[in-house]
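Q: Produce the complete structure using the sequences and hints provided.
If you're matching them up, the sequences are chains A and B in order. All letters in the first sequence, in the order written, are residues 74 to 564 by our numbering. All letters in the second sequence, in the order written, are residues 74 to 564 by our numbering.
Be a bit skeptical, because a hint or two may be false.
Note that the list lumps identical chains together, so a pair holds whenever it fits in one copy or between two copies.
[Claimed, not checked] Derived lysine to aspartate or glutamate pairs resembling EDC-like cross-links, with alpha carbons at most 20 angstroms apart:
id	residue 1	residue 2
1	Lys-527	Asp-501
2	Lys-197	Asp-109
3	Lys-78	Glu-457
4	Lys-444	Asp-501
5	Lys-452	Asp-564
6	Lys-305	Asp-403
7	Lys-444	Glu-474
8	Lys-414	Glu-503
9	Lys-197	Glu-503
In short, the hints are calculated from the structure, not lab data. Note that the structure is predicted; figures quoted are calculated from it, not measured.
2 protein chains.
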Amino acid sequence: MKNSKLKTIISLLGSLLVLLGVVLLIPIIVSLIYQDDLVRIYLIPAIFSVVMGLLTRFKSREDEISPSTGMLVCALGWIVISIIGAIPFYLALDYSYIDALFETVSGFTTTGITVFSGLSQMPKSILFWRCLIQWFGGLGFLTFFLVVTFRGQSGLFQLFTAESHKINMSRPVPNIFKTIKILWGIYIGFTLIEIVILKVLGLSFFDALTHSFTTLSTGGFSNYDQSIAHFKQAGYTYYRAIEYVIILFMALGGINFLVHYKVLTGKLSELWEGIEMKYFWGIIIGVSTLIILDHYIEFPFALVEFEEVIRKTLFQVISVITTTGYATEDINSVFFPALAKQLLLILMLVGGCVGSTSGGIKLIRVVILNKLFKREIKKVYYPERAVLPVVVDENVIPDTEIFRIVALVFGWILLIVIGGGITAIFSDLEPWNAFSGIFSALGNIGPFYFSVAKMQSLSDVIKVTYIIGMLAGRLEILPIFVIFNRGAWRD
Amino acid sequence: MKNSKLKTIISLLGSLLVLLGVVLLIPIIVSLIYQDDLVRIYLIPAIFSVVMGLLTRFKSREDEISPSTGMLVCALGWIVISIIGAIPFYLALDYSYIDALFETVSGFTTTGITVFSGLSQMPKSILFWRCLIQWFGGLGFLTFFLVVTFRGQSGLFQLFTAESHKINMSRPVPNIFKTIKILWGIYIGFTLIEIVILKVLGLSFFDALTHSFTTLSTGGFSNYDQSIAHFKQAGYTYYRAIEYVIILFMALGGINFLVHYKVLTGKLSELWEGIEMKYFWGIIIGVSTLIILDHYIEFPFALVEFEEVIRKTLFQVISVITTTGYATEDINSVFFPALAKQLLLILMLVGGCVGSTSGGIKLIRVVILNKLFKREIKKVYYPERAVLPVVVDENVIPDTEIFRIVALVFGWILLIVIGGGITAIFSDLEPWNAFSGIFSALGNIGPFYFSVAKMQSLSDVIKVTYIIGMLAGRLEILPIFVIFNRGAWRD
Ligand SMILES: [K+]
Ligand SMILES: [K+]
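A: Pasting the structure below:
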């Protein structure tokens, strides 16, 4: 092959396919335990994936991976993985391949919009696979960015996270592979703890396992059409405790995993000292208080107990800011009056912390833009030559990072406009409602404004648009555009 | 007075009050002609304004006006003028002072949201005053920026328009007062031409005069509750021609007046050569085509004639992109299907050209952000040290300007969030609808999403919020925040 860049890309994608093949063996265990006779639907794509992977793993010169190569591998990697990961759904269920792909991308990107209904009647191994891909996607995207960066020794990581300086400086150990091991260690540890607690509180082992997968990945898939509200409706004794536990672990998923590392190694103060953590807790407390007040202004004589108002509010605020997408109360219901609905919408846009599994624009970026805004006001009355840098946690934010954040937000708006327009053309949705679907997809938020039946009935054109939107959002916009740039493919 | 800055500010405001006093004498002529017995309601504020103005015009050292002084004068100036300009409405009509102030601010900022109903029964001089303040506001804000800049010899103008470089470089004559004279000359000339044409097409002289005032200022006040649709409904023979003429003059109001100057002095190509003009025409043609197609997809068997579809579409597209706010067809009607409604919403956000009388974020800023976005994508695959400036019309846009644009857009979003929240608390509007009012106010757009009756019935808290929003939008956000910054008031 002449183009050595293309060679490197294909080779890296090959490694990924081998990895996917191994992961596809996991649901086989579940299939065997529950004897749902579905071993072949995982085995076929697993073998296909491994063979394809081994065939395309050239012995490439791996000493230099350019930023554009890294970006292309990241973007194409998730697309390829999703295309193969969708095969089990397609083989086992009575849905079109586009639906299967939609569900898979919604899984890997931890978006959590579903087009599958009647979940409780589905084979156990399928439900397991659905939640497992969310769990891998959750920390997988972050890992992938880190690995590609390290291999290239390039500034790639800076390209993906506008807050690179923060990550770099607080990188717990010099070796990137050690960092990745630590991150996965924490992730696995948290997952195991949540499984045990949920099991103790009365969930079946299977439900405890799958819901832990989708809590910490802030993915939001559930085995029940009613999401987390199921446990109350089905009469679980400790449904309150179950909800509080899920609140806690959603919050953990929405926090930077490097913060977790520092907290676990003794620096407890990291949990509230960084500016992003301050905003995280501040917004959760502030918005929850406003929503509770708004609820009582609307219903002075109390619809439900005080504890239930607090619990439902806290659950939804944290589900939304971490972009998990679980629900114990529909955010379109009267429980949340107009101001509450607005606040929840804005939280979706903001999203959780950088270095977490959550989606959205990310808190620190909004903080940086807010600081820039204040700086521009100050500039008016400061001497012309005064140097007024944008400072976050005692670090000066370089201009190049601010530009990247602006590009990301601009790309977001652009994709919402285009996606909303496509939705309007190919559906009977109202104009504003047509924006909400692509908004949920881009922010990797979840199924808040459409019913499953509505989502299922939409045209394939819209579904493909949302698939691109989910990937674009999780990849933080730029890589998706880079794919379509011929210049990026040149050697 | 110790604080010489405060002294300068008060002195400049004094000059403005004298000017306002003179302007308040104009409707007296109309009052005398129509004998509506309302001379005193203009005379009282006129005398008050002149006296107050003369008392506060200190002999200040006018050699140096700092940017912050200029901004404070701009912001406070329009507030003071509006407070006094509201007096005639308050004295003549049966509305609260807040309503009168709302209408006045909506006038001066050329927003065009009205809280007055039964317009056709109102005294002629009141209708005249209402349209006159829009006409003055239209070019008045631009003039004010220019004057304050010139007096201070400072970089103030740069602070107001992110496109300063463009204005500076294309400043037609070196003397700023000559520039202002030329701008007003063009403005007055266009207004006279429109008056004559509308009169010839069958409007009364009064209607021709007042509608010309509010077309070129892209203000959008009309003497009729049905806006421009009135002329068709009332059976005017040449209503089609009337609508086309208004389309033309709205477009002229939405174009940079320096472009007009150049075109009038022979450089006709200026009308399409600059990037902003290219986008202006491109968007008008592109969006109109999409809306017409969308209309025919929805109604293949034609609701109305083809000419009417084109005329109504073109009218609304230009009314919206220039933020005039006139209507011949309600944008919430079925005539505009979902995609059309979305496109019109996005046009409102974008707005017209810089240096025009229109509101919104302004085309050139969106163009600059779009170029920045493309630059950031390019950066990924260009060598790390490659210099990739953002270039518009062969000029490199300095980083400081990009930051100012970002701050402006951020301030916009911030004010929409706050204003939308206040609306949600103090009204029974739906959450998304609650955002639309402050959106119309900030963009100086007009009365597109509420009925007059709805607007009138809103709480005073919301009306004051919108008053601040209209001023903030017209002043381009930063000055309003500077007022509330103690640092800006220091010497
Ligand atoms: K999610
Ligand atoms: K307007």
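Q: Hints the structure violates: just list their numbers, smallest first.
A: 4, 9
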